[in-house]
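**Q** With chain A fixed as given, assemble chain B onto it according to the hints.
Residues per chain are reported as follows:
Number of protein chains: 2
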Amino acid sequence: MKPITLKDIAEILGISVTTVSKALKDYPDVSKKTKRLVRETAETLNYKPNAFAVNLRTSESKTIGIIIPEVVHHFFSSVLKGIVAQAEKKGYLVIILQSNESYELEKKQIDLLLNKRVDGILMSLANGTIHFDHLDEILISETPLVLFDKIAKVVQCSKVIINDRKAAYNATKHLIESGCKKIAHFRGPLLPQNSIDRFLGYKSALLEHGMNYDPSLVYILNDMSFEEGVHFSKELLKDHKDVDGVFINTDLVAIGAISEFNKQGIAIPNDIKIVGFSNWFMSSVITPTLSTIDQPGYEMGKVAFKLLYKEIKQKKKKIPVTFKTVELPTNLVIRESSIAEKIN
Amino acid sequence: MKPITLKDIAEILGISVTTVSKALKDYPDVSKKTKRLVRETAETLNYKPNAFAVNLRTSESKTIGIIIPEVVHHFFSSVLKGIVAQAEKKGYLVIILQSNESYELEKKQIDLLLNKRVDGILMSLANGTIHFDHLDEILISETPLVLFDKIAKVVQCSKVIINDRKAAYNATKHLIESGCKKIAHFRGPLLPQNSIDRFLGYKSALLEHGMNYDPSLVYILNDMSFEEGVHFSKELLKDHKDVDGVFINTDLVAIGAISEFNKQGIAIPNDIKIVGFSNWFMSSVITPTLSTIDQPGYEMGKVAFKLLYKEIKQKKKKIPVTFKTVELPTNLVIRESSIAEKIN
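Order-wise, the sequence lines are chains A and B.
For the first sequence, the working numbering assigns the number -17 to the initial residue and increments by one for each residue that follows.
For the second sequence, the working numbering assigns the number -17 to the initial residue and increments by one for each residue that follows.
Bound-form chain A, shown alone (with noise of 0.2 Å):
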């Protein structure tokens, strides 16, 4: 078959060749709308000479992808506040993408987002992403990519993180100074770094407080929702009547909880303290108001979208970029949930 030309193009389009190649040039001095049209009918006829696929690189698409777990978390939601907020700024449609924990439909979406030369790539990686190829392909396609909260310390690129370690060891040391004998934790899936580390952190926190680590007091969440934290609540106090402390790996999950033991009639803080994770706004609201760790999601989604767009203008002159990774502080929330007295 014959190669498809630019007069092709311009007579299936009715325009002269003039505008086709100046669309495909991304000059300014023709409408959104043409450029639109001719690039739709140079993708459809497979219309590609080395060139135009030299144009499209180097031309901006002022468009950046984010693909988060869930769009519907109250943490992911304050971090997406973050990453809009800033890319309007600077004039960037942002994408959204939902991964739903999936390594699976994580890939097709970077795929998807490539195809469509978006000119960044934000991402919190799924709970079952072990393996990063698909990520290479991002950085093999030289499209700057900044990982944030759940990311993979392999991955050749910047980052925004917290310490959730320190974060947990906090939460767990203020509950063993708040009076606490015996201390459970709701954990999140094996696989993701920030569970880990929140465990990690939990545990070292009763073993250098002289207190024993006991397996059976730590239950494993998978989708951590609100009706988990009711789930669990009931397990915790069928298995262990005496437990008198937990923490909890997320806010949501910690007011299921509080929802549970207060219908159950126990006693937040007397009987039983809570300190939770992420410092949801509803932790100020419910009752008794949740101690938690202030997860900073607006201020991780304004730095992620800083890196990267940092990145983008130095790819675009052409300047090496070095890699950053910027850890933010947290810090405990105490309130009535876990304090040693009870107030009110």
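Source of the hints: derived by calculation from the structure; they are not laboratory data.
The structure presented is a predicted model; accordingly, all values stated were derived computationally and were not measured.
One thing to keep in mind: the hints can contain errors.
No copy is singled out in the list; a pair is fine if it fits within one copy or between any two copies.
Cut-off 27 Å, straight-line C-alpha distance, at most; resulting in silico cross-link-like pairs (DSSO-like, lysine-lysine) [to be verified]:
(1) Lys(-11) x Lys135
(2) Lys14 x Lys89
(3) Lys15 x Lys44
(4) Lys148 x Lys288
**A** For chain B alone, kept in the frame of chain A given last:
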């Protein structure tokens, strides 16, 4: 020279782009006279449906786009869950875009999605959207479009809605029947249809029950945040010491109100009764639990995707699409915040 578009023909004849497109496709719901006019004009202007559009109609990207005002909104979150769940079953990738209630951004995002050749678009309109020409763009490109929740009646496409007016009427009626004599309303911004309809439902419930309507009892909110719930509750208590009921546009705001009333030692429901809107899961967790209108967000997302999917398939088979409007039922969920006698 730019190619003649359906829009050009529509402008010349002073009819909608959809009508032009339908006339050319010989849809039954367009009059013979209009069809003749359109065909003649098309011939005179030498209108040629372009090749890529024909190609597009058969090439699927297996990707759909969603544009919603706010991702981080608990109602839209559940709609998203419903959409994504269905989309995955059918093997579609979902691109999510957040309009931040901005008409300008919404326009850009539609361009982006058409540019990325999505198979269909699901939208809930921004509060700032008063013109709908950007939606015509979608119809011109023959990309299936389904509007949900915040819709525009004039746009010719399928829609998924609830009866906001009826739901608000029932919420207010319930407050009256629970003995409220002076009922305030925290409403949404002036523009969007759903906040207008909820206000009208509130007003007609008052009038039909022989209560007088006092505009000073209606507070117009902007971002409908938890913080606005706190703020306007303070205002309400300052302006109307004797208020004994309030119907609030959305649960998040209602929960802000509850926390402020609790803080000020105002007994709910004894001193003031509250009904919210949307039935966010937190409504049944806070103290006191919040009466609300159950708005089937997840279901709305499911139905919206199913309608879109059907249109995508019909388009592929070149079957003319007939637009549907699906109205989902809502119901009043009575909890502690509005009962005549306070329990526990």
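**Q** Checking Lys148 and Lys288: alpha-carbon separation at most 27 Å within a copy, between copies, both or neither?
**A** within (25 Å within a copy, 46 Å between copies)
**Q** For Lys14 and Lys89, with the copy left unspecified, which applies at a CA distance of at most 27 Å: within, between, both, or neither?
**A** Result: close only across copies, 12 Å inter versus 30 Å intra.
**Q** At most 27 Å between C-alpha atoms: does Lys15 with Lys44 qualify within a copy, between copies, both, or neither?
**A** Result: close both inside a copy and across copies, 16 Å intra and 23 Å inter.
**Q** Taking 27 Å as the upper bound on the Cα-Cα distance, should Lys(-11) and Lys135 be classified as within, between, both, or neither?
**A** Classified as within; 20 Å inside a copy, 43 Å across copies.
Comparing the model with each earlier hint shows no violations; every hint is respected.
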